[in-house]
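Given only the sequences and the hints, what does the whole structure look like? Please build it.
Protein chains: 2
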Amino acid sequence: MADFDPAEDELTPPPEGTGAISAHMTPDRQASHFKRARHARETEIIEDYVELIADLIDEQGEARAVDIAKRLGVTGATVNKMVARLKQMNLVNAEPYRSVFLTDEGREMAEASRERHHIVVALLRVVGVDEATAWADAEGMEHRCSPETLMAFKEFVKRHKS
Amino acid sequence: MADFDPAEDELTPPPEGTGAISAHMTPDRQASHFKRARHARETEIIEDYVELIADLIDEQGEARAVDIAKRLGVTGATVNKMVARLKQMNLVNAEPYRSVFLTDEGREMAEASRERHHIVVALLRVVGVDEATAWADAEGMEHRCSPETLMAFKEFVKRHKS
DNA sequence: TATAAAAGTTAGCCTTGACTAATAATTGTA
DNA sequence: TACAATTATTAGTCAAGGCTAACTTTTATA
Chain A
0 MADFDPAEDE
10 LTPPPEGTGA
20 ISAHMTPDRQ
30 ASHFKRARHA
40 RETEIIEDYV
50 ELIADLIDEQ
60 GEARAVDIAK
70 RLGVTGATVN
80 KMVARLKQMN
90 LVNAEPYRSV
100 FLTDEGREMA
110 EASRERHHIV
120 VALLRVVGVD
130 EATAWADAEG
140 MEHRCSPETL
150 MAFKEFVKRH
160 KS
Chain B
0 MADFDPAEDE
10 LTPPPEGTGA
20 ISAHMTPDRQ
30 ASHFKRARHA
40 RETEIIEDYV
50 ELIADLIDEQ
60 GEARAVDIAK
70 RLGVTGATVN
80 KMVARLKQMN
90 LVNAEPYRSV
100 FLTDEGREMA
110 EASRERHHIV
120 VALLRVVGVD
130 EATAWADAEG
140 MEHRCSPETL
150 MAFKEFVKRH
160 KS
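Chains as they are written, first to last, in numbering that gives the first Met the number 0: chain A, 0 to 161; chain B, 0 to 161.
These aren't lab readings, by the way, just hints derived from the structure by calculation. It is possible that some hints are incorrect.
What the hints assert, rightly or not - Label-pair distances were calculated between CB atoms; the ranges are:
1. A/Asp27 <-> B/Met150: 31 to 39 Å
2. B/Glu94 <-> A/Gly127: 40 to 48 Å
3. B/Thr77 <-> A/Glu130: 36 to 44 Å
4. B/Tyr96 <-> A/Asn92: 51 to 59 Å
Bear in mind that the values here come from a model prediction, so they are computed numbers and not experimental data. We put the CB at the ideal spot given by N, CA and C, even for glycine.
Here you go:
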């Protein structure tokens with residue numbers, strides 16, 4: 000978690016051939032894409048936890064470790080460790096043997112994440128992906144879309160739905 | 000790398016509310032989405048390496064560790080370790096102090112990966128994402144699309160490109 | 001052809017995010 | 001209320017994928 004420097008992350012202009020290098024796709028620009036991807040991998044787990052905690056609170060009034068574990072398909076021990084990390088990041092409040100709550104910051108992240116999730120699902124639906132697949136694939140794609148892409152998705156969906 | 004069992008990966012039908020649980024989105028179905036996502040995270044690095052090696056071979060006739068490192072934005076030591084792993088997976092052939100070559104299996108993976116990459120870029124372009132952003136975002140999204148979604152993208156692009 | 005520069009290798013360390021197993025606390029119920 | 005079941009915590013392990021530093025091999029050039 001210390002690999003991605005937004006300052007050096009200039010968006011890379013397109014190559015011309017197969018996906019290969021060109022005058023525009025220099026090695027270090029390509030490197031910045033990969034750094035961006037690595038950074039996304041690191042943050043998406045955090046976002047998944049936070050979004051799920053928000054869902055549980057909304058549905059059941061509280062987010063218990065055991066439910067988080069069940070829905071993520073991991074063990075309670077893993078959840079416990081992760082919650083400690085989220086707490087340290089000031090995304091959740093958690094006391095021993097009590098369920099987990101979101102801080103303002105955490106809720107903000109959850110909302111943002113959830114909105115992205117929905118936009119991606121909507122876009123997939125519009126381009127013809129069936130609903131089940133859309134929900135399955137959105138889990139993952141949502142973390143890799145820049146604000147620009149999400150905005151484009153939103154606009155596109157608005158213009159094309161129904 | 001031993002978490003995802005395709006056998007239990009039934010696609011999850013959609014929920015109805017905010018993204019929350021419903022009769023269709025049972026906890027273990029949601030868990031399978033997250034397992035799928037974790038699996039994708041594990042394989043995408045492999046795919047990035049393999050695709051990049053293919054690019055380098057096509058462009059320069061060979062893939063040297065130093066060039067791989069430069070384009071991925073990692074150190075040579077990291078590349079070395081990863082190449083050893085790729086070799087063990089029978090995706091590349093590599094001899095000490097020589098550059099890296101793809102096995103048939105590796106080239107197959109590279110082609111598939113590259114094709115997915117291009118489809119995603121094309122889809123993004125069609126829905127209005129600018130070219131630079133499309134290339135940046137495709138790095139990452141390409142690994143998270145199911146065959147169904149890619150097929151839908153392909154069809155959609157075919158129907159909509161100017 | 002020496003020798004310096006570049007590239008590759010190896011060893012050792014770190015963090016993340018999983019796991020299991022053992023233990024402790026809480027909760028529900030007979 | 002006591003006890004059983006559920007839930008949470010802690011400790012220790014593992015593999016992946018990064019890193020740096022030291023060293024070796026190859027390549028290029030003075």
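Provide an ascending list of the numbers of those earlier hints which the structure does not satisfy. Every hint satisfied by this model.
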